[in-house]
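**Q** Each chain is listed here by its residues.
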Amino acid sequence: MGDSGRRSSRARKVSQRISTVSLAERENAKNARLDALENDDATGEGVVGDSDEEFVMQDSDEDLELGESAARKRKEKKKGAKRKTRAMLEAERRGPITFASLLEMAGDAEEGPAKEAEVMYMGAAVGPPQHSATRKWCSVCGFAAPYKCVRCGSRFCTRKCYAVHVETRCLKFVG
Amino acid sequence: MGHQPVIVLDNGGCSCKIGLAGQSEPYRVFPNAIGRAKGERQSFVGDQLLSYRDASSLVLRRPLDRGYLVNWDVEKAVWWRAFKSLLQVQPQDCSLLMTEPPFNLPSIQSSTLQMVFEEYGFSSFAALPAQPLSLRAWAAERPDLPAAAAGVGVVVDAGFSFTHAVPLCDGRVLWPSVRRINLGGKALTNYLKELVSYRSINMMEETYLVEHIKDAVCFVSADLKADLAAARAGTHKLEYVLPDGVNEQLGHVRQPQPKERGKPSDKSNREQVLMLNNERFMVPEVLFQPSDIGLQQAGLAQTIVDAVEAAHPDLHPLLYSNVVCTGGSARCPGFRERLYNELRPLVPDDIEVGVHMPADPVLAAWKGASAYGMTSDYHQHAISKAHYEEVGCDILLNLTPGAAKTAATEYYTSSG
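These protein sequence lines map, in sequence, to chains A and B. Each step along the first sequence adds one to the number in my numbering, with nothing skipped, and position 55 is 55. Each step along the second sequence adds one to the number in my numbering, with nothing skipped, and position 216 is 391.
Among the clues, some could well be false.
[As the list claims (entries may be wrong)] Listed below are the simulated DSSO-like cross-link pairs for lysine-lysine, each with C-alpha atoms no more than 27 Å apart in a straight line: (1) A/K160 <-> A/K30; (2) B/K259 <-> A/K160; (3) B/K213 <-> B/K251; (4) A/K148 <-> A/K30; (5) A/K136 <-> A/K160; (6) B/K251 <-> A/K30; (7) B/K400 <-> A/K160; (8) A/K160 <-> A/K148; (9) B/K400 <-> B/K412; (10) B/K412 <-> A/K136; (11) B/K259 <-> B/K560; (12) B/K213 <-> A/K136; (13) A/K148 <-> B/K400; (14) A/K136 <-> A/K30; (15) A/K136 <-> A/K148; (16) B/K560 <-> B/K251.
Simulated from the structure, these hints should not be mistaken for laboratory data. From a predicted model like this one, the values you see are computed outputs, not experimental measurements.
With the rest of the complex left out, here is chain A (with noise of 0.2 Å):
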């Protein structure tokens, strides 16, 4: 199909309702559902915040004998409270630090220690299983699940939890 170009609009509307998630689609958004299973919280509101300074001014009336390095903050801090460093700009504008930004600068690095960790780090992830099947469960109610759904792959058990599937999660995070 497809060759001869004379698909009418309704056929190809069609086909596309019943067309099927990709395997590298598939690949993707499992990798984004591994990924998420690392974040901290779901939302984005803790992590961006401006609290920053709301820990300094709990800390403001304890560090007299701190550092030098407490004391010129604490002097810097008196000048004007929201004044901003040009490092704090750059810094804000980066966003938050993550590991896989450090790691790929270590990558980066030609030779010497950097690399030598990035190498280490990198051989030590083990491998896929070699003595076991990967095990199938249902996405809906977690028992074994012999079926899969023929648009996005998930798993399923029974026609009730493939209902509750199609109604609820199927081509959700997909297509």
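We have chain A already, so just place chain B on it with the hints.
**A** For chain B alone, coordinates are given in the frame of chain A:
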């Protein structure tokens, strides 16, 4: 010569363990995070979270990302509070001994050095990988085990951000043999959160609470097939009564109550109940088979075998005889037994397999560090502030790639 007090800090992804060297227990264990209730200005730092009454809608910021210390804004606040308010010490009069993850990046090491000396002004500092310290604590706990006494073993560190199998010989980490699964307690919590949110009540915003639920209800299945059948029959069903914010702050577990037909009482109308069934054991199951959630990595037992086989063949019997489980996820009931049952078939049958767990798997690293902080060895290897100021952190890190590693390797040989 009298030494300065040594602060021992096990800076974990989930919790900070802090205390003074030489003591048997850490002074305090508290979340390594800053929490803030949704929509409120006030933040709670570290141990304040322990006494914070309302666990619902708490948004946590953690300084560690994938097990590595990256967010200094958060860590700074947590540490200041720990040093000043909890321990009530002046950093410049103390030495700091802290744990670091395996394969710590030089960029992270140097920012740590900078922070320790310039922000806090400690008089000396050393960072060591946690696993040899755990083994040291384990050797002190079980002096009768020949492998432990010799400093040989595999430390299985099922932490918050990842799970490591770390083979050690003579107290030294065999770095090329270390293996890692990119899964830890945080992923398990988030997985449980995702499951219950889909199946019963939306808990996506309640990470802190789900963590408690995980600790309260999860267990490692000894026989998955049987447990799944039992779950289908309903024997594993548990109810978790969610906190109402008035009488209860963290909620509690209860046995499922038979549904009464007719009018429900007022009380049951008000309380929200989370039903848990096969999630209880399917969640920790992921550690033993990460492919369940689509992560193409081997399970825990295979990881240990991979790690041991990368070591010298002569070491294999000793390594297998002393597999020590540490870390928060190892506390899950049934963890040790399941690991033994999975490991046994993978190991040649003339080799004895011993899977052990210290009395408190979470504190093992801290206890080892506490003992190490008392040795003269530590004081020799710690980097002093004067030395740091003289040469700067780049030179320190370049001269001794992982200054910590050298220290870790040598304390065993000298302390015997």
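**Q** Determine for every hint whether it applies to the structure shown.
**A** Hints, verified against the model:
1. A/K160 <-> A/K30: holds, 24 Å
2. B/K259 <-> A/K160: violated, 58 Å
3. B/K213 <-> B/K251: holds, 22 Å
4. A/K148 <-> A/K30: Since the Cα atoms of A/K148 and A/K30 sit roughly 15 Å apart, the hinted pair holds (cutoff 27 Å).
5. A/K136 <-> A/K160: holds, 17 Å
6. B/K251 <-> A/K30: Not satisfied, since the Cα-Cα distance of roughly 35 Å exceeds 27 Å.
7. B/K400 <-> A/K160: Judged against 27 Å, a Cα distance of about 22 Å means the pair holds.
8. A/K160 <-> A/K148: Between A/K160 and A/K148 the Cα gap is close to 13 Å, so the pair holds against 27 Å.
9. B/K400 <-> B/K412: Given that 27 Å is the threshold and the Cα spacing comes to 16 Å, the pair holds.
10. B/K412 <-> A/K136: Given that 27 Å is the threshold and the Cα spacing comes to 22 Å, the pair holds.
11. B/K259 <-> B/K560: Given pair B/K259, B/K560 holds - Cα atoms ~20 Å apart, limit 27 Å.
12. B/K213 <-> A/K136: Violated, at about 38 Å.
13. A/K148 <-> B/K400: holds, 21 Å
14. A/K136 <-> A/K30: holds, 15 Å
15. A/K136 <-> A/K148: Holds. A/K136 to A/K148 sits at ~9 Å (cutoff 27 Å).
16. B/K560 <-> B/K251: holds, 19 Å
Hint check: violations occur at hints 2, 6 and 12; the rest are consistent with the structure.
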